[in-house]
Amino acid sequence: MRLTALCFALWVVAVAAAHGEPSDAAVEEYRLAMIENIGQALSGARDLRDALNRQDFINARKAWIGARVGWERSEVFTSGFVPDLDEAIDAWPDANAGFHGIEAKLFGADPADAGDQADALVAHLAELDARIRTMQLTPQGLFNGIVRLAYEVGDSKVDGGESRVSGTSLDDMRNNADGIDCAYRDLFAVKLEAADKILADRVEDDVKWLKALLAVNELRSVDADSLRKASEALIVGLQAAAPELGLSAPALEEAAK
Amino acid sequence: MIRSWTLAPIVAATLVLSLRLAASFPVYGQQTVLPAGSELDEQALVAPREVFRSEAAGGRKSYLVNLGDLAFNAPALLGGVARQAGISCGTCHVNGAANPKFFIPGLSRHAGTFDTTGPLLNPKADNGFFDPVRIPSLRGARYLAPYGNDGRIASLRDFVRNVIVNEFAGPEPPAATLDAIVAYIQDIDFLRNFSLGPAGRLTARASDAERRGEALFVRPFPHDPDMSCATCHVPSGAFVDHRQHDVGSGGLFKTPTLLNADFNAPYFHDGRFDSYDQVVGHFNRVFDLGLSTGERQDLVAYLTTVGDAERPYERDGVGAALKEIADFATVLDTAIPAHDTDVIALAVDTVDRELRELTEQFPDHKDPAVSGGQDERRRARGALKDLVLRLSRIGLAASAGQFDAASVEYRDFRNLALAAVPNLLRAAQQWSLFNPAIRDAHYGALRQMLQTANK
Numbered sequence: 001m002r003l004t005a006l007c008f009a010l011w012v013v014a015v016a017a018a019h020g021e022p023s024d025a026a027v028e029e030y031r032l033a034m035i036e037n038i039g040q041a042l043s044g045a046r047d048l049r050d051a052l053n054r055q056d057f058i059n060a061r062k063a064w065i066g067a068r069v070g071w072e073r074s075e076v077f078t079s080g081f082v083p084d085l086d087e088a089i090d091a092w093p094d095a096n097a098g099f100h101g102i103e104a105k106l107f108g109a110d111p112a113d114a115g116d117q118a119d120a121l122v123a124h125l126a127e128l129d130a131r132i133r134t135m136q137l138t139p140q141g142l143f144n145g146i147v148r149l150a151y152e153v154g155d156s157k158v159d160g161g162e163s164r165v166s167g168t169s170l171d172d173m174r175n176n177a178d179g180i181d182c183a184y185r186d187l188f189a190v191k192l193e194a195a196d197k198i199l200a201d202r203v204e205d206d207v208k209w210l211k212a213l214l215a216v217n218e219l220r221s222v223d224a225d226s227l228r229k230a231s232e233a234l235i236v237g238l239q240a241a242a243p244e245l246g247l248s249a250p251a252l253e254e255a256a257k
Numbered sequence: 258m259i260r261s262w263t264l265a266p267i268v269a270a271t272l273v274l275s276l277r278l279a280a281s282f283p284v285y286g287q288q289t290v291l292p293a294g295s296e297l298d299e300q301a302l303v304a305p306r307e308v309f310r311s312e313a314a315g316g317r318k319s320y321l322v323n324l325g326d327l328a329f330n331a332p333a334l335l336g337g338v339a340r341q342a343g344i345s346c347g348t349c350h351v352n353g354a355a356n357p358k359f360f361i362p363g364l365s366r367h368a369g370t371f372d373t374t375g376p377l378l379n380p381k382a383d384n385g386f387f388d389p390v391r392i393p394s395l396r397g398a399r400y401l402a403p404y405g406n407d408g409r410i411a412s413l414r415d416f417v418r419n420v421i422v423n424e425f426a427g428p429e430p431p432a433a434t435l436d437a438i439v440a441y442i443q444d445i446d447f448l449r450n451f452s453l454g455p456a457g458r459l460t461a462r463a464s465d466a467e468r469r470g471e472a473l474f475v476r477p478f479p480h481d482p483d484m485s486c487a488t489c490h491v492p493s494g495a496f497v498d499h500r501q502h503d504v505g506s507g508g509l510f511k512t513p514t515l516l517n518a519d520f521n522a523p524y525f526h527d528g529r530f531d532s533y534d535q536v537v538g539h540f541n542r543v544f545d546l547g548l549s550t551g552e553r554q555d556l557v558a559y560l561t562t563v564g565d566a567e568r569p570y571e572r573d574g575v576g577a578a579l580k581e582i583a584d585f586a587t588v589l590d591t592a593i594p595a596h597d598t599d600v601i602a603l604a605v606d607t608v609d610r611e612l613r614e615l616t617e618q619f620p621d622h623k624d625p626a627v628s629g630g631q632d633e634r635r636r637a638r639g640a641l642k643d644l645v646l647r648l649s650r651i652g653l654a655a656s657a658g659q660f661d662a663a664s665v666e667y668r669d670f671r672n673l674a675l676a677a678v679p680n681l682l683r684a685a686q687q688w689s690l691f692n693p694a695i696r697d698a699h700y701g702a703l704r705q706m707l708q709t710a711n712k
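Here the protein sequences line up with chains B and H, keeping their order.
Per my numbering, the first sequence runs over residues 1 to 257.
Per my numbering, the second sequence runs over residues 258 to 712.
Errors might be hidden in some of the hints.
Listing some non-contacts, in silico: residues in chain H with all C-beta distances to chain B over 10 Å [said to hold, decoys possible]:
no.	residue
1	R306
2	N450
3	S464
4	A472
5	V475
6	T587
7	D599
8	R610
Once the Cα atoms are required to be at most 27 Å apart in a straight line, the calculated DSSO-like pairs of lysine-lysine come out as [what the hints assert, rightly or not]:
no.	chain 1	residue 1	chain 2	residue 2
9	B	K211	H	K623
10	B	K211	B	K197
11	H	K318	H	K580
12	H	K623	B	K62
13	H	K358	H	K580
Since the hints were made in silico from the structure, they are not lab data.
Since the structure is predicted, the reported quantities are computational estimates derived from the model, not experimental observations.
Ideal Cβ placement from N, Cα and C applies to all residues, glycine included.
Sequences and hints are given; from them, build the entire structure.
Next up, the structure:
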């Protein structure tokens, strides 16, 4: 809820800055949402570590799920701006490190063995928390991140998805969609609306469509065909929007750093 | 087939077997559309080789055949759970052959069998009992009427429609789509077998054991002189007689072909037998043939030779994947100018899925199984995603009636798919899941993750 409120507050700022303001100002405002998201993930990871230290596995599982919320929303920027930490925190498939290494133990038969990995997760998220406060962000890089994540949400999850051990893959996808929604609204929506109202409405409708398709009770109820179409329609709209936003065509894969 | 006079086929068969085993990875988890433990064998690094009669004769696949192949591999053709799980006709009939590893708990008794009247895929067709049947190869199907394990349907077209609508809960297919699927199936040829000559007789290369087996095959049964194996499996007629018989397996069932049958196990209508030796043992018992151990071995040697084929499998890789995608996409050459929105939508949907699956063969930076070739993998993934989005724009333009825009987009798609993209993919192939070592590492890591959760 706090995050939604923050997104809205930033959108209000973006509205005020829409005419003639450089997009960099909006980017700096969006940085606050990034800090909020990673802060939530870090806080959750610390709770996870503390619960594991107490052998309180029920609350450790809750904390793991909680930490994932902020993390999945942050995937708009993690793969493009911090690929090294993205891999360390969210390697897949990996039984030995990161969120999914912890997941395999915590939601399996050996939750007590996840302690060392939780320490490492906290350390990596703490490093990320520090880096995002000063790292250089660009509208193009964040635009690329929105597009890349929108594509990923459209991929089939018939095999159980990313977080299949904990059964929270649907949550991952919803949080990805929230991250897309927040970043688009805060960074680009107002400017696109001023430049091309019809296209802006189309993009906004496609974001809503994507989120609506994920508003189901369980992963297997997701209409995968429609989700793929919604994901691609959104990206096609964003590709058309790029020149209106003064951006280049979005990179579908980030160039190596 | 393994022959005593050369080791090459043994090495090839071992390679094929190890690749297939290494790639196996059943569905896992409680959130999946299919039950946990389902095995579709979609990760296999080798696939049955598909030979088209039109191409083998020096011609080319027609528009109809390509459209049929496309529809055959389109989950959108089916309905309900199958569609949601991404299952198409091609999932069970890989490259028009069978899928001996296909297994769905509750619907399969043995791997390679499937209950088409079970509750999961079409509750309306659920007959209330467990009666899985063998998934047949479709090679040479144009010679093998009637259709179905019990030969209950005379027309291939009617049979295909029944599979789509009743067994897999799909919507009523357009007549043109049905015609195309029939054209595709009828173009799938038997693989060549150089051990057989005219009239299905053994050639001069046959061994003594195989010749003794051939003599046993045509020898009258001791207690029924009008019958022999060859009475039903007519060597000059693709080893079938187009009739149903009761051979002591629980009812009347169609005579199956023996051509290419080395690659069609399990055997019998319900897949109860894994080997020719078991099949021969069954007939020996039921028809009281009085075969000695040596005669049984000779008969198995003969069946193995009859069922053999030239290069039964082919290695999956960038080349094979892109050729299939390019063949599927060719239907747009005709469909866009014809403003055929149904076919355009089918092509966009199916090729889109294929491209996304191909993208997953190139692991991203978060996969611990591979560290090299990161730039090459990124370029490959980016190029494939670009094709997906171009395809999506083709679909969006066509559905809006903007066929000129769709044509322009398709021209660019085709140029990229035929030239730039293959080069980018080949440059990244050594770091992709097409590399057995990378594939083993990737699925090994996934298996370890799931085993950690399960132990």
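Each hint, compared with the structure:
For H/R306, the shortest C-beta to C-beta distance to chain B comes to about 27 Å, beyond the 10 Å cut-off, and the non-interface label holds. With a minimum CB-CB distance of about 38 Å to chain B, H/N450 clears the 10 Å threshold, and the non-interface call stands. The beta carbon of H/S464 sits about 46 Å from the closest Cβ of chain B, which is more than 10 Å, so the claim that it is off the interface holds. For H/A472, the shortest C-beta to C-beta distance to chain B comes to about 52 Å, beyond the 10 Å cut-off, and the non-interface label holds.
Interface exclusion of H/V475 from chain B stands, the closest Cβ pair being 50 Å apart, more than 10 Å. Consistency note on H/T587: stated as away from chain B, and its beta-carbon is indeed over 10 Å from all of that chain's, at 22 Å minimum. The beta carbon of H/D599 sits about 15 Å from the closest Cβ of chain B, which is more than 10 Å, so the claim that it is off the interface holds. Non-interface call for H/R610 relative to chain B: violated, since the shortest CB-CB distance, roughly 8 Å, does not exceed 10 Å.
This hinted pair checks out: B/K211 and H/K623 have alpha carbons roughly 25 Å apart, not beyond 27 Å. Annotation: proposed proximity of B/K211 to B/K197 holds, straight-line Cα distance about 21 Å (limit 27 Å). Taking the CA atoms of H/K318 and H/K580, the gap is near 13 Å; set against the 27 Å cutoff, the hint holds. Restraint check for H/K623 and B/K62: the C-alpha separation of about 24 Å stays at or below 27 Å, so the hint holds.
A distance of roughly 25 Å separates the Cα atoms of H/K358 and H/K580; the hinted pair therefore holds under the 27 Å criterion.
Going through the hint list in order, the structure does not satisfy hint 8, though it satisfies all others.
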